[in-house]
Amino acid sequence: MKIAVCIKRVPDMEMRFAIAADRRSLDPAGLKYEMGDFDGYAVEVALQLVERAGAGEVVVVSLGPDGVQETLRKALAMGATRAVQLKAEEVPFDGLAVARALAAELGDGGYDLVLFGRMATDTASGTVGPMTAELLGLPCVTSISALELGDGRGTARRDLEGATETVDFPVPAVLTIDEGIARARLASLKGIMAAKKKPLEVKPAQLGEARLTVEAMAVPAERTGGRIVGEGPDAVPELVRLLRTEAKVL
Amino acid sequence: MATTFAFAESRGGELRKVAFEMVTAARRAADASGGGEVHALVLGAPGTAGRAAALGRYGADLVTVVEHPALERYSPEVATATAAARIGGAAYRAAFFPASAQGRDLAPRVAARLGVSLASDVTEFELEGDVVVARHPAYTGKVIVTLRLAGAPALLSLRPGAITPVEQPREARVETAPPAADPSGARVVVTELAQGGAARLDLGEAPVVVSGGRGLRAAENFRLVEDLAGAFGNAAVGATRAVTDDGWRPATDQIGQTGRVVSPDLYVAVGISGAIQHLAGMRTARTIVAINKDKDAPIFKIADYGIVGDLFEIVPRLTEEVRKARAGQ
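Sequences listed follow chains E and A, in order.
Mapping to the numbering used here: the first sequence position 244 is 244, numbers consecutive.
Mapping to the numbering used here: the second sequence position 134 is 134, numbers consecutive.
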């Protein structure tokens with residue numbers, strides 16, 4: 001069982017973000033980074049599948065500047081076999097450009113599965129996984145919350161709005177991982193030590209042309225709400241009046 | 001004059017609300033560029049064509065219906081091939097997909113098949129000459145990114161609820177067409193579609209969302225939230241991650257960074273403190289009401305209206321008052 005997991009280094013979402021002087025990027029001062037939440041689940045799924053198969057490897061791939069090596073090392077510490085950095089000064093916002101670079105890397109890798117998180121938590125677009133699948137000509141199931149693999153086939157569950165789909169697919173395939181399958185394990189001290197000696201290959205990213213670009217970034221005005229109508233059930237009539245006459249939602 | 005394209009999502013033989021939103025968006029884009037035609041595409045089981053004319057009410061000029069028994073459920077590969085053939089074979093200025101569960105699966109595949117870029121989960125857009133400028137909330141809603149999408153066709157997926165369907169009636173021509181790929185050759189097959197609780201409003205489509213958090217103290221107390229949603233009559237019930245993690249509510253009800261992102265007209269947060277994870281899923285609601293016993297809870301900082309106090313006293317009273325207000329309409 002040979003599995004590739006594509007992961008992204010993203011800023012810690014708990015932070016307050018400021019916009020840089022160019023008005024088109026985040027102010028990097030004080031930003032802390034981590035592996036995207038869904039990418040962590042994808043790494044966990046890959047590790048469990050290989051453990052269950054008893055043999056195989058998990059290759060983690062990340063596109064970006066040298067800072068992504070830290071994220072790759074974290075995945076290696078969790079138990080991934082080796083890592084590949086597709087080096088680029090920055091990660092383009094255009095998912096198709098990123099997908100082209102990943103497809104070029106993964107194309108003849110002989111992977112049984114290529115896993116992604118269902119979306120990166122920073123750009124929140126969720127396009128790179130299915131685009132990469134399409135470029136590779138591989139079957140793809142997105143946003144799965146349960147997975148069973150059998151002999152050359154798999155079954156996944158997808159949560160929709162108020163419904164769930166059961167999806168059958170052949171292997172090799174591309175899967176994007178939603179919450180609910182697996183919690184990312186914490187790296188052990190032994191894992192962290194071992195990760196330092198595991199191979200991490202650096203290659204230039206073969207990014208395609210980006211036709212989707214960032215024109216501006218802005219921090220939305222804080223909601224100026226914060227009006228306390230009152231305390232306890234006696235405030236309810238006033239709330240209902242405001243919902244009718246001011247907010248006009250009732 | 002520019003022709004635009006709308007993917008009209010259906011499920012179980014019915015058009016979904018996002019279908020009308022996409023046609024409304026496509027109509028707006030066509031009108032903005034001098035008033036071209038809007039072409040809509042619907043896939044579904046035989047019988048779907050009967051629903052298709054309704055898209056004319058929202059401004060579609062041509063509705064292409066692709067019917068096949070295997071399309072009773074979503075087929076990602078047949079839908080990709082058919083939408084890509086449709087868009088690739090015409091000179092559309094822009095093509096709109098919903099950023100729904102189905103659309104988020106489909107739109108990137110179609111974009112890659114066509115070799116064009118996609119602006120995803122867009123809440124606002126404008127055509128400016130050769131480019132489309134689109135807004136997309138990112139970084140858990142803490143940053144609004146303005147994107148430039150160059151070239152044609154511009155592919156966009158629009159956040160459900162971001163566009164309000166507007167009736168602009170036309171006599172839509174309805175045509176049928178075969179799928180662009182043989183459904184029996186599909187590698188990825190949806191073998192089962194299990195609908196959640198009958199007749200429940202979907203979180204992404206409901207104009208009102210009533211959500212509960214840990215403040216409810218026990219699963220059975222969600223009855224209070226359900227009663228309030230029932231009083232509104234057009235409300236869906238959501239929950240925080242803490243609540244779905246504890247199994248009080250199904251995981252599909254979770255609103256937040258790792259769950260659903262909703263933009264209803266009214267969001268009522270009951271016993272929710274307002275963790276950043278949760279705020280990411282609802283901060284774009286038009287009006288936010290919070291009920292919490294802790295006056296310093298972060299939810300009050302983003303709520304338009306707050307009541308501080310015991311939710312077990314406040315919510316039943318609110319349910320009663322909302323019911324009265326509704327009855328008087």
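By construction, these hints were calculated from the structure, which means they are not laboratory data.
Possibly wrong hints are sitting among the right ones.
[As the list claims (entries may be wrong)] Once the Cα atoms are required to be at most 30 Å apart in a straight line, the calculated DSSO-like pairs of lysine-lysine come out as:
1) K32/E - K324/A
2) K248/E - K2/E
3) K87/E - K301/A
4) K190/E - K142/A
5) K203/E - K2/E
6) K248/E - K324/A
7) K196/E - K2/E
8) K87/E - K32/E
9) K87/E - K324/A
10) K293/A - K142/A
11) K32/E - K190/E
12) K32/E - K293/A
13) K87/E - K248/E
14) K190/E - K301/A
15) K248/E - K17/A
16) K17/A - K87/E
Everything numeric in this text was worked out from a predicted model, so none of it was measured.
Exercise for the section: Below or equal to 30 Å on CA atoms is what counts here, so check K203/E against K2/E. Expected result: Roughly 20 Å between the alpha carbons, so the hint for K203/E and K2/E holds.
Handout entry: K32/E paired with K190/E [C-alpha distance capped at 30 Å]
Key = holds (24 Å)
Practice task
Below or equal to 30 Å on CA atoms is what counts here, so check K87/E against K301/A.
Solution key: This hinted pair is violated, its Cα atoms lying about 41 Å apart.
Practice task
Would you check the hint for K32/E and K293/A, treating anything up to 30 Å between C-alpha atoms as holding?
Solution key: violated (33 Å)
Practice task
Starting from K196/E, check that the Cα of K2/E is at most 30 Å away, please.
Solution key: Satisfied, since the Cα-Cα distance of roughly 22 Å is no more than 30 Å.
Handout entry: K248/E paired with K2/E [C-alpha distance capped at 30 Å]
Key = Answer violated: K248/E to K2/E is near 57 Å, above 30 Å.
Exercise for the section: Measure nothing beyond the straight line between the CA atoms of K87/E and K32/E; if it is 30 Å or shorter, mark the hint as holding. Expected result: Judged against 30 Å, a Cα distance of about 20 Å means the pair holds.
Exercise for the section: Compare the distance between the alpha carbons of K190/E and K301/A with 30 Å, and conclude whether the hinted pair is satisfied. Expected result: Judged against 30 Å, a Cα distance of about 44 Å means the pair is violated.
Exercise for the section: Would you check the hint for K32/E and K324/A, treating anything up to 30 Å between C-alpha atoms as holding? Expected result: violated (50 Å)
Practice task
Please work out if K87/E and K324/A have their alpha carbons no farther apart than 30 Å.
Solution key: Cα-Cα ~62 Å, so violated.
Practice task
Below or equal to 30 Å on CA atoms is what counts here, so check K17/A against K87/E.
Solution key: Not OK: K17/A and K87/E at ~42 Å, beyond 30 Å, violated.
Handout entry: Holds or violated: K190/E to K142/A, with C-alpha atoms at most 30 Å apart
Key = violated (37 Å)
The structure is inconsistent with the numbered hints 1, 2, 3, 4, 9, 12, 13, 14, 16, although it conforms to all the rest.
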